[in-house]
Amino acid sequence: MENQGIASVRVCLPYHLRSLARVGNEVTVEVVRPVSMGSVLDAVEKRFPMLRGTIRDYGTGKRRPFLRFFACEEDLSHEAMDAELPAAVAEGREPLLVVGAIAGG
Amino acid sequence: MSGVRVLVGTHKGAFVLSADGKRDKWEVSGPHFPGWELYHLKGSPVDPNRIYASQTSGWFGQVLQRSDDGGKTWFQPGVNPDEKPPAFPPTSASNKFAYDTTEQTGKPLTTHQWYDGTQHPWEFKRVWHIEPSPTDANTVYAGVEDAALFRSTDGGESWHELAGLRGHETGPKWQPGAGGMCLHTILIDPKNPDRIYIAISAAGAFRTDDGGKTWKPINKGLVSNFIPDPTAEVGHCVHHIAMHPSRPEVLFMQKHWDVMRSDDAGDSWHEVSGNLPTDFGFCIDVHAHEPETLYVVPIKSDSLHYPIDGALKVFRSRSGGNEWEALTRGLPQKDCYVNVLRDAMAVDSLDKCGIYFGTTGGQVYMSPDCGDTWQAIAENLPAVLSVEVQTLYEQGIGNRD
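Chain order of the listed sequences is A and B.
Each residue of the first sequence is one higher than the one before, starting from 8 at the first, in this note's numbering.
Each residue of the second sequence is one higher than the one before, starting from 4 at the first, in this note's numbering.
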């Protein structure tokens, strides 16, 4: 029986972070409900400690300026770290996308 | 059998160039960390296989990498991805460079001068230069932007600021150069490890004689006409400093403009630009066996950042400065508009000293005969940010820049 208190959240990382963590396109992390951006990133950093400081600034805990968080065709980059993520993410139907902002032309 | 290992940091990864003592056949490995900016790599003088690398990105921030097998494999100290599952909480934070604000050892995070003259808070951006200890493979220094000096004593697993430098009373007057306010040069006196020289663009040069607790600006004699007071105590755009390990009190400096020399550990400087066609440039280095033989790469101006007349020339002085000769054999003498950055020149310590430098055009040139002739040992790399050389002997290593 599925543990109702634990969510399996899919996270897609950008190429360079996949290289650092030596993982494929998508990882799944276990997160205690309710699922928020902060709790997902905590779980990612716990499982892949080599990513600490690369998604969130060490000092402030804030999203690094050139990274964005997308899910369910929404830009969640400016949501509070403790705001709940969409149910589809918490239920594992949609991944949370960590995306490097594209600059230049 | 001797050999040479050249560590090349570029805008898009790191490369390791290797040859035996003849230096006529080169193998290139890499890119390591493809797509990342590798500001600097440097090997430990104590352990030939211990190499530290600064890996940075505007998107993902700072990462510190280490190799314990001469650059074949790499890992972030303390968080080896081959360990499954990794320890948590991690025993280390190899990419955490937090300014020291503790009452005991740190200083309040004040401000420094911004480009427009206003005050600006200190913000960590990246590691520009890594300097391993000459006596302990696990001790290593990092010069960072915004300018500060950090030290690790556990092989790069954790870093602690030597806060006396940033807390110097002149700190609020320091300001960034065009490339940012970077601490880019670290020289450790091999005879006295408590004496360390550092340089910051554009604050100038500083020296500690007590292992980093207190610091003294050493800019007397520098003249910089682009600042309000050309002979100010701080504010000079020092591009690089070099020393010969046998004479650590003698320093050579490539300033923004001017090539300078100090014979008293930086207490005073005098100009030795002499007959150079232009005394703007970035890199400077000293022959491994001749402490009075210097090398610079003159660049046309701070507005143009390429060689005069499209001809790439290294200049050598065998007299400790003032009298310079152009070295051109094997270097492109037309249509060449590359730059050679401050950390992109190094020497080996084989009997016939080899000189190396990398360009923003992605070439790495090597001279096996002290600069008389040159050859490209890599030609199509990304823009080169740094070059360091390890001289490998059968049972040891020489390693200096």
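By construction, these hints were calculated from the structure, which means they are not laboratory data.
It is possible that part of the hints are untrue.
Below, a list of computed lysine-lysine pairs in the DSS-like style, where the Cα atoms sit at most 27 Å apart [to be verified]: (1) B:K219 / A:K53; (2) B:K176 / A:K53; (3) B:K15 / B:K75; (4) B:K110 / B:K25; (5) B:K128 / B:K110; (6) A:K69 / A:K53; (7) B:K223 / B:K303; (8) A:K69 / B:K216; (9) A:K69 / B:K25; (10) B:K128 / B:K194; (11) B:K216 / B:K128; (12) A:K69 / B:K99; (13) B:K303 / B:K355; (14) B:K25 / B:K355; (15) B:K99 / B:K25.
Do the hints match the structure? See the list:
no.	hint	in the structure
1	B:K219 / A:K53	violated, 42 Å
2	B:K176 / A:K53	violated, 41 Å
3	B:K15 / B:K75	holds, 18 Å
4	B:K110 / B:K25	violated, 51 Å
5	B:K128 / B:K110	holds, 19 Å
6	A:K69 / A:K53	holds, 17 Å
7	B:K223 / B:K303	holds, 26 Å
8	A:K69 / B:K216	violated, 32 Å
9	A:K69 / B:K25	violated, 52 Å
10	B:K128 / B:K194	violated, 32 Å
11	B:K216 / B:K128	holds, 23 Å
12	A:K69 / B:K99	holds, 15 Å
13	B:K303 / B:K355	violated, 30 Å
14	B:K25 / B:K355	holds, 10 Å
15	B:K99 / B:K25	violated, 41 Å
Hint violations for this structure: numbers 1, 2, 4, 8, 9, 10, 13 and 15, all remaining hints satisfied.
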